[in-house]
Every structure is written in structure tokens, then in C-alpha cells.
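Engineer: Here are the chains, one letter per residue:
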Amino acid sequence: MELKYTHSELMAVSGARELKDGEIVAVGLGLPVVASFLAKMTHAPDMTILFELGIIDPEPVHCGVGLADPRVWHRAKVMSSFVDILGSILHKGRVDVGFLGGLETDQYGNLNTTLVGDPRGKFRHMVGSGGANDIASAAKRTIIIIRHDARKLKETIAFVTSPGYVEGGESRAKAGLAGGPSRVITDKAIFGFDEETKKMRLLSIHPGSTLEDVLGTMGFAPVVPKEVPFTEPPTEEQLRLIRTSIDPGRMYMG
Amino acid sequence: MELKYTHSELMAVSGARELKDGEIVAVGLGLPVVASFLAKMTHAPDMTILFELGIIDPEPVHCGVGLADPRVWHRAKVMSSFVDILGSILHKGRVDVGFLGGLETDQYGNLNTTLVGDPRGKFRHMVGSGGANDIASAAKRTIIIIRHDARKLKETIAFVTSPGYVEGGESRAKAGLAGGPSRVITDKAIFGFDEETKKMRLLSIHPGSTLEDVLGTMGFAPVVPKEVPFTEPPTEEQLRLIRTSIDPGRMYMG
Amino acid sequence: MNKLATLKEAVASIPSGSHVSLSGFPITRCAMAFAREVIRQGIGDLTVSQCVGAMDTDLLVGGGAVKRLIYGGGSLDRFGRLACVNRGIENKTLQADEYSSLSVAFRFLAGSLGQPFIPIRSLKGSDLIRQIKEKSAGDVATIADPFTGEEWLVLKPLLPDVSVVQVQVADQEGNSWIVGPRWDNVEQAKAASRTIIIAERVVPTEVIRQNPERTVIPGIFVSHVVAQPFAAHPTSVYREYDYDARAIEDYVKAQETPETFRRYLDEFVFDCDDHWEYLEKFGGLKHLETLRADAVLGY
Amino acid sequence: MNKLATLKEAVASIPSGSHVSLSGFPITRCAMAFAREVIRQGIGDLTVSQCVGAMDTDLLVGGGAVKRLIYGGGSLDRFGRLACVNRGIENKTLQADEYSSLSVAFRFLAGSLGQPFIPIRSLKGSDLIRQIKEKSAGDVATIADPFTGEEWLVLKPLLPDVSVVQVQVADQEGNSWIVGPRWDNVEQAKAASRTIIIAERVVPTEVIRQNPERTVIPGIFVSHVVAQPFAAHPTSVYREYDYDARAIEDYVKAQETPETFRRYLDEFVFDCDDHWEYLEKFGGLKHLETLRADAVLGY
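Protein chains in written order, with the working numbering: chain A, 9 to 262; chain B, 9 to 262; chain C, 313 to 611; chain D, 313 to 611.
Next up, chain A with everything else stripped away, as it sits in the complex (with noise of 0.2 Å):
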């Protein structure tokens, strides 16, 4: 029998698929937290979540309205600080994974936080950066979720908060920065990023979308290879625990 889910699940599980034992996960409020504890619950016991603010490891027992939000702080192993979780860990080398969303990115997975609009004209100024910035800067490899929509996967974005592959193929490295960008997971798709030119590469097609609907859809033309398979469907089991304990309410999947 076939599974009825929501985009929204079906990202979150396609993140947790992202997420290997043992790994240390920089990770920010909304889906990432529900990819983050999916994974631990199943097959990443291993893992570690961190929190910029100070918090390893929680086990909330109720949904939070975010990191400021004692209700995910509940049953952490330690709280401690920045210099901490974006210090002795992050900026020392020792996170492996961080995720990341955004108003805009580009094919090159540079990422907008700051604002919408013209920076030298006239703008809306937006959240910013947070740890954002850092985790791009400083994690072994970033996975950005996001919406699929052409106002969102643009050509060129309005401001930089958190560098990707830069302008591609070595620019990053020239610009003083390891790791990069290694999954963008949206609504419709998941891709990857193109060897060489750094560019954004189609990976995989969600369930009941179509190639003409991800790529008309968005601001740019990614690599697409001649053999784009379906994204791998949540199970019954990554349902469950979503549903029932991870966000019982829908708070983080609304």
C-alpha cells in the first residue's frame, strides 16, 4: 500500500538520510531539528546535536518556538555557550555536518539570510546571519533546505550571508574556506553539487513532481544528468516517529 506524506515530511527524511553515525550536526530550529532527532532515533544513535547558544544533545518533550526556547534546551548533557559549541567545536574543526536555510541561494549554494531587496536601495532587512555564517564557514560539509521556487533559487542573490562554492570551481578554497555545501533539499528535489564547476546538480526528483516542474521552477538551470531517479519515499517507521514524537504538534513541519 502506498504512503500518503507531506513535502515537509519527506524532506525531513531526506535530511536524516544525510545524517551517519558517530557525526557531529550543527543544527538550527525548524526541519533540520526534525531530521536531526529522526536520525538519532533510527539508524544515528551516535550522533551529536549541537546548538549554538550552548546545548548538546537535548531530549525535548515539547516543541519550542526556537533556540531561545528552554523547551529544547530539556535533558541536554551540557549547557555551556558560543565560545563553546562555535568555538572549541565548530571554528577548532570538529563539526561535520551543518544545516542551513535561507530566503535565496544561488547554483553555487551561497546562501541569503540578511535581506530582500536591493542592499544599496531600497530593502527589507531580514534575521541575518546567527551562526549561519560560522557553520557555512567552518563545517565539514553544509546542507541547505529550502523552498523550491524561482524567488528562492535565483540566478544571482541580493546579499551573501553565508558563503557556498562562492562564483564555483576553486573560488572557495581561494576565498580561505574548506568544506562547502554537499546537499540542497527542497520541496520538490534533492541535488548535489557538480565536481568541477561547483555547480548545483540534480540528484534525485521528489515523488509526484515532474523534471519539467523542479527545473521550471527555478531561477537557474542546474547539472542534470540523463538519469534522475525518484527521491527514496519515508517509511512507515520515519512517519511514525515523526508524527508522534518528534512533532506531534506540526510545530516544526506546519
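Hint data in this document are derived by calculation from the structure and do not stem from the laboratory.
Hints should not be assumed to be uniformly reliable.
[To be verified] When the alpha-carbon atoms are kept at most 25 Å apart in a straight line, the in silico SDA-like pairs for lysine to any residue are as follows:
id, chain 1, residue 1, chain 2, residue 2
1, C, Lys-598, C, Gly-610
2, A, Lys-182, C, Ile-455
3, C, Lys-445, C, Asp-473
4, B, Lys-148, D, Trp-464
5, A, Lys-130, C, Glu-568
6, B, Lys-207, B, Glu-178
7, A, Lys-207, A, Ala-166
8, D, Lys-315, A, Asp-195
9, C, Lys-315, C, Gln-353
10, C, Lys-445, A, Val-124
11, D, Lys-436, B, Arg-132
12, A, Lys-100, D, Pro-469
13, B, Lys-182, D, Ala-449
14, C, Lys-445, A, Asp-126
15, B, Lys-148, B, Ala-52
16, B, Lys-100, B, Ala-183
17, A, Lys-28, D, Arg-521
18, C, Lys-565, C, Leu-577
Got chain A sorted already, so can you dock chains B, C and D onto it with the hints?
Structural biologist: Chains B, C and D in isolation, oriented as in the chain A frame:
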């Protein structure tokens, strides 16, 4: 009636008199501990006592064999780390006074706690710096407590562990160091330093000693003003505190 | 030394034009009562620094007290944005030096240790650093690692005139415990010339001496200790009280226009002589008790 | 992840030639059982780093396991000197890079934060820095502050292969609490590639989750957790047990000559299969209970 007291007791009392209320004082074990607690129990109740390993304002009820003895940490207000005490307090420039002792000192208050003999030839290695060099480099002023002996007050010392006024005059400032020694307290006299030359300058002679005795038992000639007063003797109250509550076992005062 | 003071006295010690760091993180342990009193006293031209911009900063900006902001971006979590801060940036009435969380944290850390500068891997290849170089070129530089030759971005230390930290527990000397995560607060306090502690509860120094490992801010850094329950309202204080969702939603509505915010200030800042009058506006004790943290959960 | 291991297993994971930082401070929280096992297993050519040289380092040097020492000087407090270390320096069989407490602490701090170098005010105008430049020129440099032009001495980060930390409490993942002052131990653990925790007691992770502010070494830094009571004997562990004065005095007597020290090693290291046999030499439980810390005083 005249009070009986030991050289050590007069040295401790003289050290205490150098400390002002509200000051932050970095202390090593021995006489400085007695001087500091005595000051805090008398004229300087709001003085703060620091031990480099991470101790602020302890209230010991037993004497200890050294800073590594939990007896001297007892009832501290803070138990932290080297980086906290020597970094965010001393290196930040918040320490007013540091007490220093040593094997040898010269007329500029340079101190040797590292070795006796010839560093290039035959020598005996001793304690080394610990926090002494850090305190000599970053405290606003230091107070040297040392036995009055030609083998300790020398023309040239074997090794400069903690810089005083280096070669005198502007040489300490030229070395990039502020502060410097303000007093040298021995068992025969108290010295300051000449404004210009930064050479040791006799300030007072302990009751019972003579100028000849003082000058005859040191390896260099200090500046001697025409009038040299006698050091003010301890009060009955000061002696009572030292003998009954600070060092009843004569552990620090030998 | 007894440093107990009223909020009015502590705030009055801050001259206009000072650099103040604030302890809030979006909607938790924000120096809200402090910010309201600063606005009440008409202190202005402040430079405010904070790793992640929070509600205390947004209120101060909305109250017209801030000239310059040094931060790593911020929000009110799911409740909304720092609309007053954003408006100030959009209409150029606020100079905002925008970094990332770690770069501001490292600037505080360097300040706390008497370091002249601190290297960092962040900011490179971003528009953040380009903007900082345009707005405040003197706060960043590039130098070669003398050991490897590698080029490093280095940041200038942050040295606030005053650090304001909302804590759960302190004694009258200012020896303070922070329960839960501390984000940038300890480095802020040690980097600043002095710290104003706003404590939910003041305990005897004897209590501090019984758990000295918990003293994250030693009293020697502190100039004033203000004992003020619910001083972070409507934000939360871990293990003391939860955030007040309705009050934050009302704040977000008020952010919409300068006019609506002005009315908010009239009602919740200017019409209140002090923090106790402010609290009464929300139904006083009866309402506040509904926010009291559960002893096990801490929220 | 369960990282519980025997002392033998943990020590066996360290190849000869490794750089090991030790948690001791003269005669407290010294990694004594660890040092004895290293000597037993014949591991050698170690580089050892520690802010203030302690009894664990002196024993390792006396046991011939150390090639190079990076420290800030040290002693056995009133009991005596680091005679084995001093002898090695005097007869040139040990390379000792001698700093001050803070300069070694800053080198660990830089290592713990991924900093390429760290500026410091100490060492200038002393023979310490002259000697370091002769012995290990590559570990120090001078650079100009890009913001003021002032010349600063900068130190290279210390990056131990293994940090060995004696703590009071840890869980099986290595989440650790240090009771009392921590001196350089937290920076050591975070600067090192991995940490071996030697804990007086191992508690369920549930206990750690109840006081997460006390977790000063997160488990992610830890490779092995060794549960070993009295592992610091004859040095003290605050709130667990006092130092064993008689046993330290016997050690000091043994330091006198290489021959007397050799006999000490035979009796207290080589003749003991493990730590339990070592403890029996002192009268076992009956004697150790006399050292048990008073619940109020902590020593």
C-alpha cells in the same frame, strides 16, 4: 610595654600594610598569604585574593602545604581556571598587586626562581615561574618578599624568571612592560625603587637592625637617603590575628 | 562589598553615548526592565553589542536610545523579527555592524582576555565582511600567521563600558550564577569595564561559597546588583519563568509602525514609574504565577 | 556511546612518541595510575605538556617515558621539587621548554579554539623567552597589532595527541564534571585530538542531564573513560580524598638518585600488575579510608 615578634611576623605585617582596601591581589603561598589575610581581616575587608589555579577569596580553616592543597581553596567564592584568573583578571589588567618571592633578586628587582649556578654550565634547576612571570608582567605593581642575604640580594642573578625593571631606567617600558616592583621586603629592611634609575632604594630599617648590617649583607649598594626611619613594628592586634587565626601552626611563617 | 542598588540607580550610572552589551538571546534572559528604565531616563546615543540580537535590543532601538548596534543578526524566534532594529537599518537611522554569532563572541572573548585582536575563519567570502569593511573598516584586518604564512582575518576586541547581565542568582557582591546555557554573557561581563547584574534572586554569599564552581561571573567585575523579580518579562528566565506569549505577540503588533510602537512605549514604559507598575499591567502576581517555571522542566 | 575501558586498554591506545597533556597540578588530581601504567607498558619518547609541572609528570620523567616537556615550572609544593624533571634538565637528558603558567594556558586555549596563534604580555624581558627562542624558536614569534601597530609576542597553539584528565565524575560517554578549580584541564581536553578520562566514579548519563551546566568536558572530546577509584593516589582529588603525605614523602626520598628511584619504580610500578595491587602496598582499603575526604571540608 614592648612587643616581641619574629622577623617573619614583621615582614608579613609590612606586606599587609602595602595592600589597600578594594584592591585585587594575586598571591602565592607562604608569607604573602599571611600578609593578604591579615590585610583583609584588618584595614582591607573588600580586598580580593586570587590564587592562579582558579581560586577567588577563599576562607581557609586549615593551613595548606601549597596552592595544590584543597585546604587553601576552602570556602572560595569562585573555583575556576588559569584562563579565568590569569587571563580575564590578570592579563586583562585588573590585578593591582602581585606578591613575588624568589631565590635571588638584583638591584632592579629582577627575580630568579629557576636555577642556581651557571645556566650554561653546572646548575641546579628549581621551581621555575608558575604564575610569577605572568604576575611580574601584567600586575599594576608587585611586592617582592625575600630573605636579606648577600646570596639572595645580588649584583647579577643567574636567571631572570620574572622581570623587574630589567636594566633600570626606561628599559622595562622599552621591553613592552607596564607596572613593575614597588617594594622589596626583607627580614632586615624595606626597599622601594628610585623614580629615575629604578634602582632599589632603602625606605626603612627593621627595629633591631642597623644600616651597616643592612648594607653589609647585600650584594649591591642600594640608594640610601639621608634619613632612614625604622620600620613600624606590628601591633598587638596584628600579632594576635597571625598567631591565633591565620597561622597558628606557624606553617607559613616558618 | 554590598553593591545592591535599585534599577533606577544602576541605570542612572550609565552616561548617554556609552557602549552597553546586553545579555538577551532572542526571547530569553533579556534585560527588559533595564531597557525600559533606560528609555524612561532618556539615556541615548548608546552603542549596543550582543551576539544574537534580542528583544532587549529591539526595545532599546525602538525607544530611540541606540545609535549603533554591533551584532550577529537576530529575531524574536517564531514570534517575529527585530522590526525596530530592521526599520532603523532600512531607513539608515541606525548604524548596524552585522557579523555572525561566533565573530561577535570572539570579539567579546578577546576583550575579556586582554587580547589585542583575535583570528577567525568566519565571514570570509561573504557580503557581511564587505559591509563591515565599508562601515567600520577599523574593526577588522588581515594578517599573516607568523607560523604558517596563511592569511587570517582578525577582529578587534569588543570592550563595552557596561555589560548588563540578567541572571537567576547573585549575592550582594555580584558573584553570579547563570542557570542553563550562557551564550555570550560570561565573555561580555569579563570584556566590559564593569557589569550590572540584574538578578531574579539575591542570596547570601554563604550560598555562593557552597557551590563556587557555579560562579560564572565573579563579583570583582560587578558595579551594581539589582534584585528584581520578573525583570526579563515578557522573555523567559530558565528555571524561573516562561516567556509570556501574549505579551510578546502584543509587542510584535506594536512594532508595525513608529506610531503603534510609540503608543506601546507610552503604555508600558512611560506610564509606569517602575517595574512593579509595569508588571501590574499584565495582571500582576495572579498572571505572573501562570508563567512560573515547572520545577522539573525548568520552563 | 559506551567508552568504558580498563586503564590498560586506554594506555595501550597511546603510541610512543605521542604528545600527552596531563591534568595534575603539583600534588592534586594528578594522573598517577595512568603514569604508572604508561611506564609499565614501556611507552616512551613522549612529549608532555602541563601548565604547572606536577607529580604525574615527574613520575613519567623518572620512569624514562618522556623526551620533551612543555611546562611553566613546577614542584611538589612543600613536599619537595620535581627532582626527576630537574635532574633531566640538569644532565640534558630531557628537553624542557619552560614557560609561565599563563603562557602554557594560552597555548592550550588557542589549540582549543582552532586559533592559529595567540598574543600574550608575559615572558618579555625574561630569560625564559630567550631560552625558548634557543630551544624551540618555531613556537614563538613577534607580530605587530594591525590595529595599533604595537609589537606583540605570539605563541603557537598546543595540540596534544591525547589529553589525560583525572576527574571526579563522568558518564560512560565521557561527559565529565570537575569539582573544585579546573586550572588548565578544560583547555587541555578541547585542544587535544582526543581525551582519556580517568574518573573516580562513573554515573548514569541521566545524572549528567540533571546538571548539564557542570559538564565542563563534553563526551565528544573523549575516546576512553576509565573508572578507577584512588587513581590519583598519592595526590588528592578534591571532595574525594586527601593527598597521602607519607606516600609523597617516600616518593621524595626515592627521587634522590636514579638508583633509589629505580627501586621505587620496581616496588610501586613493575611489581604491581595493576592499580589495585598498587593500592594494597599502602594497606589497601583500611589505609585509604583514612584519606577519604570530609563531606563538608572536601579534603
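Engineer: For each hint, tell me whether it holds in the structure or not.
Structural biologist: Hints versus structure:
1. C:Lys-598 with C:Gly-610: 20 Å, holds
2. A:Lys-182 with C:Ile-455: 16 Å, holds
3. C:Lys-445 with C:Asp-473: Distance ~24 Å between Lys-445 of chain C and Asp-473 of chain C Cα, so the pair holds.
4. B:Lys-148 with D:Trp-464: 19 Å, holds
5. A:Lys-130 with C:Glu-568: 18 Å, holds
6. B:Lys-207 with B:Glu-178: Roughly 12 Å between the alpha carbons, so the hint for Lys-207 of chain B and Glu-178 of chain B holds.
7. A:Lys-207 with A:Ala-166: Holds: Lys-207 of chain A and Ala-166 of chain A sit about 18 Å apart, inside 25 Å.
8. D:Lys-315 with A:Asp-195: 40 Å, violated
9. C:Lys-315 with C:Gln-353: 21 Å, holds
10. C:Lys-445 with A:Val-124: 21 Å, holds
11. D:Lys-436 with B:Arg-132: 24 Å, holds
12. A:Lys-100 with D:Pro-469: 12 Å, holds
13. B:Lys-182 with D:Ala-449: Satisfied, since the Cα-Cα distance of roughly 22 Å is no more than 25 Å.
14. C:Lys-445 with A:Asp-126: 19 Å, holds
15. B:Lys-148 with B:Ala-52: 18 Å, holds
16. B:Lys-100 with B:Ala-183: 19 Å, holds
17. A:Lys-28 with D:Arg-521: 24 Å, holds
18. C:Lys-565 with C:Leu-577: 13 Å, holds
Against the hints set out earlier in the document, a violation occurs for number 8 only.
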